[in-house]
Amino acid sequence: EGAHWKNYVRGHEELFVFSFIAPPFGPTLLTGTADECGFVHHSSLHQYPNQSFCGKLMDPSAESFALDYAITNKNKLTVVRSAGYFEASRPGNRTFGTIGWSTNEGVSWSYSPSFPVDLMPIALSVNLYNPQHVVAVNENDYPLVTFDGGKSWEQVKGVPPFHFKAGIGNQYNMSQPI
Numbered sequence: 003e004g005a006h007w008k009n010y011v012r013g014h015e016e017l018f019v020f021s022f023i024a025p026p027f028g029p030t031l032l033t034g035t036a037d038e039c040g041f042v043h044h045s046s047l048h049q050y051p052n053q054s055f056c057g058k059l060m061d062p063s064a065e066s067f068a069l070d071y072a073i074t075n076k077n078k079l080t081v082v083r084s085a086g087y088f089e090a091s092r093p094g095n096r097t098f099g100t101i102g103w104s105t106n107e108g109v110s111w112s113y114s115p116s117f118p119v120d121l122m123p124i125a126l127s128v129n130l131y132n133p134q135h136v137v138a139v140n141e142n143d144y145p146l147v148t149f150d151g152g153k154s155w156e157q158v159k160g161v162p163p164f165h166f167k168a169g170i171g172n173q174y175n176m177s178q179p180i
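Numbered per the working numbering, the sequence shown spans residues 3 to 180.
Wrong hints could be hidden among the right ones.
Stated by the list, open to error - In silico DMTMM-like pairs for lysine to aspartate or glutamate, Cα to Cα no more than 20 angstroms straight-line:
| # | residue 1 | residue 2 |
| --- | --- | --- |
| 1 | K78 | E156 |
| 2 | K153 | D120 |
| 3 | K159 | D143 |
| 4 | K159 | E141 |
| 5 | K78 | E107 |
If you are wondering where the hints come from, they were derived from the structure by calculation, not from laboratory data.
Based on the provided sequences and hints, a complete structural model is requested.
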């Protein structure tokens with residue numbers, strides 16, 4: 003029998019899933035969602051998850067565009083997420099992006115201190131055995147790569163900038179892997 007979820011009402015009545023991963027161990031499923039950051043589904047997909055990615059640093063209306071993971075040693079999972087969130091104090095009340103790492107299944111996050119805040123990372127890929135090595139595809143800009151867990155970023159050479167265009171003939175859509 004299928005799962006039946008009911009979302010609570012908190013200013014919106016929908017839940018849009020951007021990304022999800024099912025690691026080989028640890029949580030059954032992790033979902034990256036719009037408006038609600040994302041969720042950790044520990045043991046059952048038949049009930050609404052009780053753990054959210056939202057923490058002290060992230061606004062509860064944050065987005066989690068992409069999720070990936072790395073296996074750093076036996077039974078040690080590192081989850082990486084690309085996120086955007088709204089900050090009213092920024093010029094134009096603009097949403098901006100960041101990349102976060104979690105070594106405790108999404109309970110807490112460490113964010114890149116040097117990711118360019120004017121970019122919006124909408125897709126990412128993590129080296130399966132080295133969570134310090136991440137490629138982030140950014141909306142309307144070049145992909146960036148870090149080899150040191152987000153302490154520094156550099157432009158990926160040899161690829162064109164990503165341009166997100168709505169409608170038929172998109173260069174990319176969020177369901178495509180990078």
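Earlier hints that do not hold, by number: 1
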